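Colleague: All chains should be built: construct the whole structure from the sequences, respecting the hints.
6 protein chains.
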Amino acid sequence: MLKGELKVFSGTSHPELAAEICSYLKKPLGKASIFKYSNDNTFVSVNENIRDADVFIIQTSCAPVNDNLMELLIFIDACNRASAGRITAVVPNYPYARSDKKDQPRVPITARLVSELLTVAGADRVITIDLHAPQIQGFFSIPLDHLTARHIVAKYFKKKGTSNKVVISPDAGGVDTVEKLANLLDLPYAIVDKRRLGNEDTVEARGIIGDVKGKDAIIFDDEISTGGSLQKVVSILKEQEAKDIYACCTHPVLSGPAIDRIKKMPLKELVVTNSMPIPQKKRLPNLTILSLGSLLAETIKRVHHGESISALFK
Amino acid sequence: MLKGELKVFSGTSHPELAAEICSYLKKPLGKASIFKYSNDNTFVSVNENIRDADVFIIQTSCAPVNDNLMELLIFIDACNRASAGRITAVVPNYPYARSDKKDQPRVPITARLVSELLTVAGADRVITIDLHAPQIQGFFSIPLDHLTARHIVAKYFKKKGTSNKVVISPDAGGVDTVEKLANLLDLPYAIVDKRRLGNEDTVEARGIIGDVKGKDAIIFDDEISTGGSLQKVVSILKEQEAKDIYACCTHPVLSGPAIDRIKKMPLKELVVTNSMPIPQKKRLPNLTILSLGSLLAETIKRVHHGESISALFK
Amino acid sequence: MLKGELKVFSGTSHPELAAEICSYLKKPLGKASIFKYSNDNTFVSVNENIRDADVFIIQTSCAPVNDNLMELLIFIDACNRASAGRITAVVPNYPYARSDKKDQPRVPITARLVSELLTVAGADRVITIDLHAPQIQGFFSIPLDHLTARHIVAKYFKKKGTSNKVVISPDAGGVDTVEKLANLLDLPYAIVDKRRLGNEDTVEARGIIGDVKGKDAIIFDDEISTGGSLQKVVSILKEQEAKDIYACCTHPVLSGPAIDRIKKMPLKELVVTNSMPIPQKKRLPNLTILSLGSLLAETIKRVHHGESISALFK
Amino acid sequence: MLKGELKVFSGTSHPELAAEICSYLKKPLGKASIFKYSNDNTFVSVNENIRDADVFIIQTSCAPVNDNLMELLIFIDACNRASAGRITAVVPNYPYARSDKKDQPRVPITARLVSELLTVAGADRVITIDLHAPQIQGFFSIPLDHLTARHIVAKYFKKKGTSNKVVISPDAGGVDTVEKLANLLDLPYAIVDKRRLGNEDTVEARGIIGDVKGKDAIIFDDEISTGGSLQKVVSILKEQEAKDIYACCTHPVLSGPAIDRIKKMPLKELVVTNSMPIPQKKRLPNLTILSLGSLLAETIKRVHHGESISALFK
Amino acid sequence: MLKGELKVFSGTSHPELAAEICSYLKKPLGKASIFKYSNDNTFVSVNENIRDADVFIIQTSCAPVNDNLMELLIFIDACNRASAGRITAVVPNYPYARSDKKDQPRVPITARLVSELLTVAGADRVITIDLHAPQIQGFFSIPLDHLTARHIVAKYFKKKGTSNKVVISPDAGGVDTVEKLANLLDLPYAIVDKRRLGNEDTVEARGIIGDVKGKDAIIFDDEISTGGSLQKVVSILKEQEAKDIYACCTHPVLSGPAIDRIKKMPLKELVVTNSMPIPQKKRLPNLTILSLGSLLAETIKRVHHGESISALFK
Amino acid sequence: MLKGELKVFSGTSHPELAAEICSYLKKPLGKASIFKYSNDNTFVSVNENIRDADVFIIQTSCAPVNDNLMELLIFIDACNRASAGRITAVVPNYPYARSDKKDQPRVPITARLVSELLTVAGADRVITIDLHAPQIQGFFSIPLDHLTARHIVAKYFKKKGTSNKVVISPDAGGVDTVEKLANLLDLPYAIVDKRRLGNEDTVEARGIIGDVKGKDAIIFDDEISTGGSLQKVVSILKEQEAKDIYACCTHPVLSGPAIDRIKKMPLKELVVTNSMPIPQKKRLPNLTILSLGSLLAETIKRVHHGESISALFK
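Chains as they are written, first to last, in the numbering used here: chain A, 4 to 317; chain B, 4 to 317; chain C, 4 to 317; chain D, 4 to 317; chain E, 4 to 317; chain F, 4 to 317.
Take every hint as true, because none was put in to throw you off.
If several chains are the same, the list does not tell them apart, and a pair holds so long as it fits within one copy or across any two.
DSS-like mimics (lysine-lysine), calculated; alpha carbons at most 30 Å apart, straight line:
#1 Lys267 - Lys39
#2 Lys183 - Lys197
#3 Lys284 - Lys39
#4 Lys271 - Lys163
#5 Lys39 - Lys317
#6 Lys235 - Lys39
#7 Lys216 - Lys197
#8 Lys304 - Lys161
#9 Lys246 - Lys266
#10 Lys39 - Lys197
#11 Lys317 - Lys197
#12 Lys317 - Lys34
#13 Lys183 - Lys34
#14 Lys183 - Lys39
#15 Lys158 - Lys216
#16 Lys161 - Lys266
#17 Lys266 - Lys39
#18 Lys168 - Lys266
#19 Lys246 - Lys162
By construction, these hints were calculated from the structure, which means they are not laboratory data. Note that the structure is predicted; figures quoted are calculated from it, not measured.
Modeller: Take a look at the structure:
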């Protein structure tokens with residue numbers, strides 16, 4: 004369908020990324036007021052005419068996660084009732100992506116619930132990056148553009164040189180993704196073998212499946228949260244006599260003790276994207292931030308003009 | 004339909020109220036784990052079999068509002084996927100009730116959005132109390148039991164005696180509700196006449212429509228938030244030579260400067276319900292809390308057994 | 004989205020208004036046949052190609068209410084199956100607006116039901132005027148443009164002069180709306196205080212809250228039906244020594260004994276809009292009809308072109 | 004599913020049939036108030052507790068068709084919001100059954116629309132009799148019990164004796180149904196051959212396909228409306244020297260000039276069911292009314308108890 | 004709505020028809036890969052950008068019916084997830100059209116089910132030809148263009164001359180359609196009178212209703228399957244001394260013993276359309292195939308450009 | 004909810020499994036007729052009353068996959084229209100499970116499509132075993148019981164003894180599942196490292212990540228199809244000097260050249276479940292079939308009685 008004017012709005016979660024996107028698109032950011040009433044109720048008001056417009060709302064998932072999600076849903080509702088032509092939720096870090104299956108009795112599948120919430124609020128489509136599991140695409144009945152930061156990460160490491168390196172999956176669940184990165188870099192990969200002990204809550208890293216001795220290791224995961232898991236992986240890699248260690252993830256949650264832990268790790272470099280905001284105080288000297296701004300902006304442009312997105316990854 | 008076992012669960016918003024309800028029903032509280040992961044994602048796990056059960060989840064809206072709402076939605080999803088027979092969300096203070104219409108361009112109707120979120124998450128029915136506008140009932144396509152605390156409030160004031168009293172609506176929007184309370188108490192009512200000044204954001208109380216001079220005034224509103232509006236109402240009532248002043252509301256938000264302001268007001272008594280938790284430090288000496296526990300418990304019992312709820316208000 | 008040709012059709016409820024709208028838009032009325040078969044089944048046939056067109060159907064609610072509503076639903080179904088690009092129901096007087104909440108046990112919320120009927124029939128959006136309660140907007144998940152005739156009414160009374168006037172709400176439920184009109188006119192307002200007597204069906208007007216003595220009174224309500232309520236309001240205003248009395252409403256139902264009653268009332272003027280047709284025999288000498296034609300036509304034009312509607316009310 | 008108490012309610016369309024059904028079921032009719040407000044809005048209030056009940060609402064389609072349909076929809080909404088366990092619409096004559104296909108450009112399929120209206124209002128299932136086309140069953144996604152009066156009609160004619168009789172279909176569209184009745188009676192059938200003349204609106208009966216000379220003819224149609232079509236059929240049968248002529252239909256609309264016309268026809272007998280009410284003044288001496296009361300009541304009983312309906316027609 | 008580029012794709016059921024359509028439209032066939040994995044799972048991949056495009060997928064129903072249907076559903080899903088602007092399923096022979104009603108207890112209405120499957124897969128509209136019953140249009144809530152081959156058939160027979168001919172309906176269910184063809188040809192029609200014998204499964208042709216003696220007969224049905232029914236019709240026509248016999252249908256299933264049977268029948272000519280592919284070996288000397296290619300192509304063109312389809316049949 | 008009688012029906016895909024289940028449950032198999040008409044349309048008729056019954060339909064996915072899926076959908080539709088109380092699709096091998104994500108541009112997510120098809124046909128819940136990815140659970144909004152055969156497999160291998168064994172994942176995508184089996188057996192695991200060569204369609208096994216030398220290897224995958232992938236895994240295991248080799252899968256597709264290939268492999272044993280039928284001729288001497296009959300029957304029993312399913316896996 005031919006579409007109305009392209010308009011980009013931003014929630015409060017990641018204004019810097021929204022600004023970067025608007026700058027790439029040479030578009031002013033759409034005008035909106037967002038605040039909380041004294042009863043802690045979130046309020047959104049769109050302050051310019053958006054009838055028939057092709058609206059993109061940039062809102063990533065980061066703490067406070069539920070506030071950011073509800074703000075996005077409310078923003079979508081406001082746009083829908085204001086007769087926007089089409090509403091695309093641009094969610095670089097998808098909320099609740101790790102709650103993607105019932106692996107215990109009587110637990111929710113919140114990643115599916117979120118897809119329903121976005122749809123019922125009125126989103127017409129979604130753009131996101133590096134879902135914890137690619138199957139989450141199937142949680143949506145509306146079209147979803149699932150981008151990946153792997154090519155940006157691979158390009159970065161290729162520039163550094165890939166000789167004598169190995170990609171590390173911190174657990175069995177991540178092997179599929181790690182293999183894809185290893186393919187892009189034409190590198191081997193290895194897996195940290197973790198087992199639950201008698202007590203359900205404790206996980207033990209039993210060793211590494213694959214060769215790391217004397218090699219530089221690139222640990223890759225979709226998200227780094229408290230750094231507890233990373234700590235164990237780094238320490239077992241050192242035990243197994245890996246050389247330089249790089250840690251890399253798309254979604255840098257870096258919550259709680261993460262920064263303190265990372266400071267103490269023998270990490271050559273921590274490479275992340277800006278799918279979530281990283282406050283200045285968390286920006287350690289060995290932190291490299293790869294920007295997703297152009298990728299997202301170019302995607303928005305192509306979605307607006309009906310051009311191929313897959314062509315971006317060739 | 005004949006139903007499975009009645010089971011009551013509680014979110015984390017108001018455990019005391021849930022306990023009170025369970026005690027009335029002589030039922031143990033259902034077992035569940037609720038916490039946040041280190042990436043700030045809420046998690047709920049139901050820890051007992053609920054297949055075919057008639058599940059009631061107690062979760063009111065209070066700060067942090069979005070956390071409590073998402074927790075409720077996730078709880079419902081978990082129950083739904085665990086094959087609960089029927090799921091009733093018991094939400095004494097309905098979230099976003101004041102966002103019930105588009106009174107400005109391009110704003111959301113979040114109270115309707117919330118009804119959709121509850122429904123899509125899998126709620127089969129909802130129980131709530133004193134909605135900001137009774138029309139919110141029509142936002143639902145699933146059955147909703149809309150209770151009122153007015154009878155409990157009226158009973159309380161009747162016991163005190165109603166001679167020479169008048170009920171006060173703090174604004175035009177609340178007159179409809181105030182009239183209903185005045186009817187129960189067989190009292191006259193009056194309205195504070197507020198007007199917006201040139202600047203849209205400032206509201207001026209121009210006076211009172213109706214007679215208050217020499218009378219005891221019962222100010223009634225559905226919610227008291229920062230107390231700013233109440234402050235103006237009390238002061239204008241004093242100007243107009245009202246005698247004793249009572250303030251009364253169903254939903255005691257009491258946020259920000261509320262307690263400090265109320266302390267300084269010449270209030271004879273502040274009468275509220277426990278639709279929201281009131282921490283000990285907010286319990287001023289002139290605060291009276293009327294409990295909704297029996298009303299909610301009795302309603303749950305009747306919903307479970309298919310007995311009339313309206314009979315409760317005769 | 005860019006849209007196909009604008010086409011305006013009319014149901015049988017209010018052809019004059021449709022003609023006025025078409026004349027403003029400089030568009031011929033769309034061709035359609037509408038009649039009842041001998042088995043009393045309504046039939047609609049659209050007699051020109053409407054594939055991809057931006058269709059607006061003008062159909063207000065007036066007696067016979069159910070015939071007019073079903074005719075509208077059937078018209079929408081015909082347009083949908085004929086592949087109209089977009090279908091907007093233009094319903095100046097929204098049917099069943101007063102059935103907007105459950106204020107008794109086991110009653111319907113027909114205003115919500117109507118929103119579902121319109122949506123399931125295939126309406127993409129709705130335009131309406133002065134809903135009995137603005138919350139009815141939230142009954143819709145499709146976009147709704149809620150216009151108001153208050154500015155037209157206010158302009159009319161401003162031209163007459165507003166000195167020494169007061170706006171009257173005939174009951175507590177209407178205060179919110181009356182306050183908005185009073186604001187536009189910068190006038191005070193007062194309320195008729197009604198109470199139900201022992202018997203549920205009898206309502207007694209106990210007096211007036213606010214000052215009317217020696218003032219000209221403008222009674223404002225969304226709808227005047229049999230005039231019974233108006234009769235009581237006028238008589239109590241006279242008791243309270245109001246001077247000139249104006250009655251004013253958006254939706255002039257004027258059913259049953261209305262005209263006879265109004266003839267006998269000491270009304271200076273009855274001011275209404277043409278949201279419903281008023282047959283010649285009901286046009287009393289003191290009746291003033293303010294036309295909504297331009298407002299509706301301009302709204303249709305803006306909806307078609309994606310221009311702001313709220314700008315119309317500034 | 005095991006079900007709550009069986010409760011039968013009646014709309015205002017056909018109280019006699021409802022009474023007959025209740026009498027068969029030995030159940031009192033459910034208490035409800037149904038009336039129109041002075042603004043012509045239909046109102047329904049259920050006056051007894053129906054929580055969890057297995058509710059059947061008897062409402063046929065007859066003039067005023069749209070009033071009866073809206074009343075049914077509103078009744079269903081009231082029951083749904085009152086937490087009925089299951090709601091079955093019992094609609095002996097299905098409204099708009101003849102609007103079952105698009106046989107011209109840009110017309111509605113109102114029979115499908117009605118199925119959507121019933122479903123969105125909250126009906127869980129439908130019981131109806133002798134749909135104009137059996138495919139209308141497929142318009143529903145909810146279960147529908149499609150009964151037929153053919154067995155009752157066949158039994159009646161069998162008692163009279165079937166020798167030298169022929170069943171007549173008044174047009175090509177009805178042959179399928181007529182064949183079924185002919186099968187039950189083990190009789191031949193014939194068809195009136197009608198053609199549209201140059202002008203689309205005029206239909207000419209060209210003759211009869213099949214043998215009628217010297218035979219008694221039983222004309223069978225689902226509905227007799229103004230009797231105009233019947234008039235032509237009778238006259239052509241007479242031309243072709245048929246002997247005694249019986250006319251028979253399930254749904255006796257008998258509108259407009261029907262009774263006057265029928266009075267003048269050389270009809271031995273007019274046999275109909277009471278799927279619609281027949282006022283006393285339309286009960287001509289040669290009219291026979293076969294009651295559907297027991298069939299409907301027995302069906303309701305079986306639906307309530309989960310017993311086979313098809314067994315009724317063996 | 005204004006639309007993106009017109010693109011035509013083909014499933015594997017009838018590539019010749021798709022080629023014919025593309026040739027008429029002067030459009031290359033859209034690129035796609037369709038195959039089955041070794042686990043017998045169908046796979047579809049669209050091999051060109053279709054964002055915003057106006058996509059038409061040509062897929063008729065023919066053996067293997069379920070494979071062709073699932074392939075179509077999967078194709079639609081792929082297009083939907085690839086952000087097609089609009090998806091039209093072009094299904095000349097509608098699958099399961101004969102399963103259009105419950106004429107026995109506890110059977111499906113698969114034609115309705117298919118409409119739901121197409122809709123849930125993401126089809127925005129459907130184009131089909133000569134449905135077994137026109138009421139199947141009402142199984143859809145999305146727009147459906149129901150074409151007919153009757154005009155093409157009528158034109159063919161008119162060219163041959165219509166003197167002394169009669170159109171034959173092979174059973175009561177087909178009379179309605181046969182009458183429409185007879186009208187176009189201005190011919191009389193007759194019906195084969197079939198009855199079920201004691202045993203439900205055996206059908207006996209008792210004779211013919213109407214005159215065929217000495218006339219040329221054109222047997223018309225929507226579908227010819229094994230030819231068993233046709234065999235009986237031809238033989239009874241011969242008994243009744245019809246002269247030349249033509250058989251004609253829209254959908255030439257011609258399965259199992261059909262060709263062998265037809266070879267042996269005294270048929271002057273078998274006239275069918277190419278709504279289904281007819282392999283070379285089934286093309287008997289007396290077979291005439293009338294192409295639907297231009298009709299379908301012209302319809303697609305008009306649907307794309309928003310022009311009237313009904314105008315094609317005037 | 005309390006439920007009607009438990010009734011088990013079987014599609015035509017796997018009658019032996021259905022018989023086994025019925026035998027465990029001590030229930031006769033429900034009566035139904037299933038066949039194809041001569042036009043290749045599938046037909047299902049339920050031959051006993053199922054009103055209000057708790058119906059379970061056993062139908063696995065195996066070739067012909069689309070026939071079996073459509074048969075299941077049609078069966079569900081028949082049950083739904085026959086007023087079944089609840090319908091559970093028991094689908095041991097879920098169709099299209101491997102089409103669970105968009106890993107190329109413009110491909111379908113057929114596993115999600117299938118979940119929609121089942122839901123729209125009227126399934127109330129689903130029981131399945133060892134989904135290719137556990138996230139497929141999230142494709143459903145209706146409750147799904149996801150069982151696993153891993154415990155049955157683990158028990159079988161434990162009985163054989165687990166000393167000096169290693170579990171092998173044939174590719175990166177299967178590691179997650181293999182780890183779970185390895186955990187149950189308390190064994191290490193290893194992964195076959197495959198890479199796509201320049202040409203997208205060729206996959207090369209580069210080696211094994213982890214230690215297999217001198218160990219017995221248990222290759223585990225969810226499905227074995229043509230055996231081509233297994234062939235490569237076995238050969239690389241032999242190269243790496245593994246000792247005895249066991250191949251094991253839940254879903255034994257064994258299509259095309261599978262049996263010939265397996266015959267030639269140095270396999271100690273091929274262990275599979277009966278989630279799909281295995282014809283006699285495919286039953287090689289080294290084939291072991293573990294039955295899922297009791298697991299499924301016990302699950303059905305518990306679902307019917309509202310008992311915990313997770314308790315089965317403790």
